[in-house]
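A.B. asks: Sequence:
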Amino acid sequence: MPVSTSAQRYELQVATNCLGHYLLYQLLLPLLANAVAPSQTGSVRVAWAASIAIHVDSPPTGILINNDGSLKDVGVSANYSQAKVGNVFLARECAKTTPQTGVVHTAFNSGNLRTELQRHWTGLASKISDKFIVYPPVYGAYTELWAAIAPEITPEKSGAYIYPWGRFGSLPGGIECSITGESGISAKFVDWCGEQTEAFL
188 MPVSTSAQRY ELQVATNCLG HYLLYQLLLP LLANAVAPSQ TGSVRVAWAA
238 SIAIHVDSPP TGILINNDGS LKDVGVSANY SQAKVGNVFL ARECAKTTPQ
288 TGVVHTAFNS GNLRTELQRH WTGLASKISD KFIVYPPVYG AYTELWAAIA
338 PEITPEKSGA YIYPWGRFGS LPGGIECSIT GESGISAKFV DWCGEQTEAF
388 L
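Numbering (my numbering), first residue to last: 188 to 388.
Note that these hints are calculated values from the structure, not bench results.
The model shown is predicted, which means the values in this text are computed figures rather than measured ones.
We treat Cβ as the ideally placed atom computed from N, Cα and C, and that holds for glycine.
Please note: incorrect hints may appear among the correct ones.
To be verified - Simulated crosslink set (DSS-like; lysine-lysine; CA at most 27 Å straight-line):
id : residue 1 : residue 2
1  : Lys283    : Lys259
2  : Lys283    : Lys375
3  : Lys344    : Lys283
4  : Lys259    : Lys344
5  : Lys375    : Lys344
Claimed, not checked - Derived DEER-like restraints, expressed as beta-carbon distance ranges:
id : residue 1 : residue 2 : range
6  : Leu211    : Arg301    : 38 to 46 Å
7  : Thr192    : Leu311    : 32 to 40 Å
8  : Pro217    : Asp378    : 15 to 23 Å
9  : Ser230    : Gly381    : 22 to 30 Å
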């Protein structure tokens, strides 16, 4: 199956889930930073969408990168997972700027939701999933609202990973190591995102 790409020829999952969001964040950053002073501490936030896929379908390090920091193509399903890990990396790397900007960042797993993502599922697995694993879409909104307005999310918690339906969670060990360890995978990926979006600023 050929890889779908954006108009700029980026793999579609990373273009949609990471590059587009990162560009929007950069464009909005002056407005967000200006909103910090008159607002309650920690209330100006950016919530980056992750997924349960980072726990079940991503490589052990979260993503596999090329020498330039771009994501390696690992197939449609794993590309989606890597893009969602990319959002976690964006949240954590951008959180390093919270002391300067006052903007708080989170990444969230909205939960297993009954949405159009399951439109092609069929058979017994689909019925079991629909009955026992997926929840009404409103539950995903609970997670996102908690990430956006919960008073527990202070500037000191910037970069936090949020579990469904609104609680602090932890990342898989390999992903955490890609952020905090010597590999620098997280920073390399975010640097690459910055290089790719720079022309649009």
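A.B. asks: Where does the structure disagree with the numbered hints, that is, which hint numbers, in rising order?
C.D. replies: Numbers 4 and 6, in rising order.
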